[in-house]
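K.L.:
Sequence:
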Amino acid sequence: MFVVIMNLSLYISNRLFFTKKGNNRYTKPILLIGTLAVTLSVTVMLLSIMITKGFKNQITEKIIGFAGDIVITSFVNNNSYESVPIKKNKSLIAELQSNENIVNVSSFATKAGVLKNENEILGVVLKGVSSNYNWDFFNKNMINGNTLTLSDSVSSNKIIISEKVAKNLNLSLGDPVFMYFAQDPPRVRKFIIHGVFSTAFSDFDDLFVIADIMQIQKLNSWQSSQVGGLEIKINDFRQLDEVAEFVYDKTDYNLKSESIKERFPELFDWLELQNMNVFLIIILMVIVALVNMITVLIIIILEKVQLVGVLKSMGLSNWNVRKIFLYQSIKIATVGIIFGNLLAFILAFLQKKFQFLKLDSSIYYMQHIPFDHDFFSVLLINIGTIVMCYLALIIPSSIITNMKLIDSIRFE
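Start counting the sequence shown at 39; every next residue gets the next number (the working numbering).
A couple of the hints might just be wrong.
To be verified - Once the Cα atoms are required to be at most 20 Å apart in a straight line, the calculated EDC-like pairs of lysine to aspartate or glutamate come out as:
hint	residue 1	residue 2
1	K91	D410
2	K299	E280
3	K396	D412
4	K294	E280
5	K396	D410
6	K178	E201
7	K94	D174
8	K94	D410
9	K128	D190
10	K178	E280
11	K205	E158
12	K94	D412
13	K128	D290
14	K271	E283
15	K94	D274
16	K288	E133
17	K256	E120
18	K294	D279
19	K91	E120
20	K391	D412
21	K91	D274
22	K205	D398
23	K91	D307
24	K91	E304
25	K202	E138
26	K128	E138
27	K228	E156
28	K202	E156
29	K271	E300
30	K299	D241
31	K178	D410
32	K299	D274
33	K299	E156
34	K91	E283
35	K205	E156
To be verified - Derived Cβ-Cβ restraints for the label pairs, each shown as a range:
hint	residue 1	residue 2	range
36	Q221	K390	43 to 51 Å
37	G422	V122	49 to 57 Å
38	E99	S129	28 to 36 Å
39	M426	Q135	29 to 37 Å
40	S169	M426	32 to 40 Å
Hints listed in this document are in silico derivations from the structure and should not be mistaken for laboratory results. Note that this is a predicted model, so its numbers are computed, not measured. All C-beta atoms in this analysis are idealised placements derived from N, C-alpha and C, irrespective of residue type, glycine included.
Taking the hints into account, I'd like the entire structure generated from these sequences.
P.N.:
As structure tokens, then:
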């Protein structure tokens, strides 16, 4: 009895809407519509966040996989694919590696050339990497063969190419291929296909061939201490700006350090625009959920007008009567949120496992819709939905205050 008295509004709400006697033929479908509206809205909001986060993470991973988080090159580099040599400074590398956020510092160089088989030619960029190059990204994207095993003392004539390049030139593992370089005099090198990768990132897949940096050093008549630049990998992309500042401070005046965001600003600006799309979707879904919840609440109140009059005549305050319907609305929102979360995570799990939702990789840089999430975003959506529903429902519930006692009892 004590619990009933202390929670009278909650008790009446449960008796009205969760028992067969309390429900009539209109109440159940109304409650179901409200629950479905919240469920679908929450599902769409969560999926939007998961897809956008997955999309941004995959694109960022692919850009970094090809180009590194931060690079140090010659200050006179003209942004062409012909590297200007810099001296491989061991003391600078040691200083960089002393930073706990930096996991790898390797040497690289690039050189434009033309791959040629018996019938076809293809313009590409040869990217030479050193023996300590971090192959994690390519290991995840190899579809045939293996990455390169390089030495500091003996050069290798093996290369890895993308699936697109392999198809264009009809090449497969173990095949020889000639690459021509526009020098004076022109030079040619024979390479052996050691591996084939596919990242679905056409901007890079169509262009880069990965080889031993010693090949470029020999082609350019460089000394072993000369490289095209240093490629830096960090362990947490969120620390990029901080690490980039550290690298900048350690770099000599004649060298240039650039973060991946500075090298490809248009790509990262494009990724940031995706946040605006998600924001608009969330606003629309919140509006849909609130409109449905407000409509459901008004219909339920109008359906129970006589009961409102009876409760008021028995001395129940306007606020306590309003709480009866607010409790029910919050329950609808809570159930909708729970089912919305379940539906969103089930869909995300199925997509990750079976990848049945495909994409055109030439447009979206990936072959299927990605899903990723973080606990904070999910929690924010759930709490925000409950709070918004509660605040929005206080206003329509105020019609109870304006109901005249006699009119509400006589209402049919």
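K.L.:
Against the 20 Å threshold, does the CA-CA distance of K271 and E283 hold or violate the hint?
P.N.:
Cα-Cα ~14 Å, so holds.
K.L.:
Does the alpha-carbon distance linking K294 and E280 stay inside the 20 Å limit?
P.N.:
16 Å, holds
K.L.:
For a C-alpha distance cap of 20 Å, please report whether K396 and D410 respect it.
P.N.:
16 Å, holds
K.L.:
Does K94 pair with D274 here, judged by a C-alpha cut-off of 20 Å?
P.N.:
15 Å, holds
K.L.:
Just tell me: holds or violated, for the beta carbon distance of Q221 and K390 against 43 to 51 Å?
P.N.:
Holds: the Cβ-Cβ distance is about 48 Å, inside 43 to 51 Å.
K.L.:
Checking one constraint from the list: CA of K391 to CA of D412, max 20 Å. Satisfied?
P.N.:
This hinted pair holds, its Cα atoms lying about 19 Å apart.
K.L.:
Can the restraint linking K91 and E304 be considered satisfied, given a maximum Cα separation of 20 Å?
P.N.:
18 Å, holds
K.L.:
Next pair to validate is K396 with D412; report whether the Cα-Cα distance is within 20 Å.
P.N.:
23 Å, violated
K.L.:
Using the Cβ atoms, figure out if E99 sits within 28 to 36 Å of S129.
P.N.:
Given range 28 to 36 Å: holds, Cβ gap about 31 Å.
K.L.:
Regarding the pair K94 and D410, is the alpha-carbon distance no greater than 20 Å?
P.N.:
9 Å, holds
K.L.:
Assess, step by step, whether the Cα of K299 is no farther than 20 Å from the Cα of D241, and give holds or violated.
P.N.:
Judged against 20 Å, a Cα distance of about 16 Å means the pair holds.
K.L.:
Given the hint that K178 pairs with E201, test it: the Cα-Cα distance must not exceed 20 Å.
P.N.:
14 Å, holds
Of the numbered hints stated above, those contradicted by the structure are hints 3, 10, 19, 25, 33, 34, 39 and 40, listed in ascending order.
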